[in-house]
Amino acid sequence: MNSAAMMPLALPHPSAPPGETRLLADWYTTGRPATLNDHLTRYGPPPVAAALGSRTSVPLVEAVEAAGLTGRGGAGFPTARKLRAVAERRGRAVVVVNAMESEPASCKDQFLSTVAPHLVLDGAVLAAAAVGADTVHICLPRDRATQHRQLSAALDERRRARLDPVRLRLQALPHPYVSSESTSLVRWLNGGPARPQGSPPRTHERGVHRRPTLVNNAETLAHLALIARYGPDWYRQAGTPDEPGTTLVTLSGAVAATGVLEAALGTSITTLLDRAGEPTEPLQAVLLGGFAGTWLPRAHLHTPLARRDLAPLGAAPGAGVLIALPRAACGLSETAQILAYLAAHSARQCGPCHLGLPAVAEDFTALAAGRADPGLLPRLRRRTGLLPDRGACRHPDGAARLAASALRAFADDVDHHLTHGPCPAAHQPPRIPIPPATPPETWR
Amino acid sequence: MTSTRSLRVNRITCTGQGLCAELLPELIDLDEWGYPLLKDRAVPDQLRTHARQAVAACPRLALHTDRGRP
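Top to bottom, those sequences are chains A and B. Using the working numbering, the letters of the first sequence correspond one by one to residues 1 to 444. Using the working numbering, the letters of the second sequence correspond one by one to residues 1 to 70.
In short, the hints are calculated from the structure, not lab data. Careful: at least some of the hints might be erroneous.
Partial pick of chain A residues on the chain B-facing surface, computed with a CB cut under 10 Å [to be verified]: (1) A49; (2) Q197; (3) P200; (4) P201; (5) G356; (6) C423.
In this text, a Cβ means the ideal position worked out from N, Cα and C, and glycines have one as well.
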């Protein structure tokens, strides 16, 4: 649904400073997806031999560490540490490209792998060289046939050109919300359901076919492909000293142009909204980080998109998802519907999640509808507080973050709904496109 | 030679039988559905025997103690 709902931005807004388009540079120049020929003309072949380090080059792991690259899939883990953890294990490793992007409000990985597939694939091949892997699995959701076709064509081009020293395999996975969790991918590749695995052994110790396994987000690998070519100093020319580089951002909701853009980390949320053609109506909040993210009230929209600045607000840049909520919408009923969706997408493996999430979602729905009993608010707060850190994955933590931030950001609305019943907007259909809250059909 | 131990619940295997909270109430509570809430992961020395008994008693083998601090 999100591919239809969100068309990529055609051009950068003139206010986008030069140097802030890297991954999307080709796209902005040509306006069409890069073929292998386009890609090789611009970047040359991936410097695979140099990735191992030599007299003239620094090993890729060190370059990535000096660049300060962090994962762009949401968690923001330092990429060099992941690479090193896998490289240090004995035996042939495996690389998994996570292009699942199951967050309904995100489409940056889909967009990136459409317009610059070879940057992502270069990154995967370079990472494979750096950690000693001979196989790369590219994991895509099964319901994105177009993306599958495009990447399949890109792989054919590379095969014909005999470009890569490793095997590259395209994999089509089921697409429930938690299937994009790294252990879900590993479990599915091993023949199991695409459900989170949790607990030790860690993926880097024993992952696909019991081999040390590196799982990286597609965008992260594309950044890595550029660091391998231009080095850490170049990479640090954008962003902040603490959080260098650029990031892809998916904007939706009440903005003139919804879609994907690239911006330096540390760009303020207001600037990002302006680059998406400014809000179409007065905003009351932005949902940052997607369905498992944090509501930021209007007063905080000047905050830079950077971990350090967002942490005091209980938020993080995450996978760069921004949803602008107009003042005319009801934040509580939007949140209630997102929570119902998240509850339906629990993998139903861990008690605290498969019992706790529906309970929280139900109370939130009652609150939004003005049907709250006197015990509702304390019960909701208590149950929300018991979700984090009690699952095999971070799904319950994300839902708790969303629920708690909604109670903070829409505190006045909570009071109003409790004392006077629902606001008029609560009866309107949701402004955020939310997939139906039905359990996934298959996990295999 | 003693080393610090910390509690860990395998949330997928745990089905909320609740024995752990009976045997180790100092460190484990249950939520409204009977699933364990770890009040503190670090096992103090005087509770090591109780912790070991709770680990052994779990019918799902879902409770573990790991070497090292939480």
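- Item | Structure versus earlier hints, numbers of those that do not hold, lowest first | 1, 4, 6
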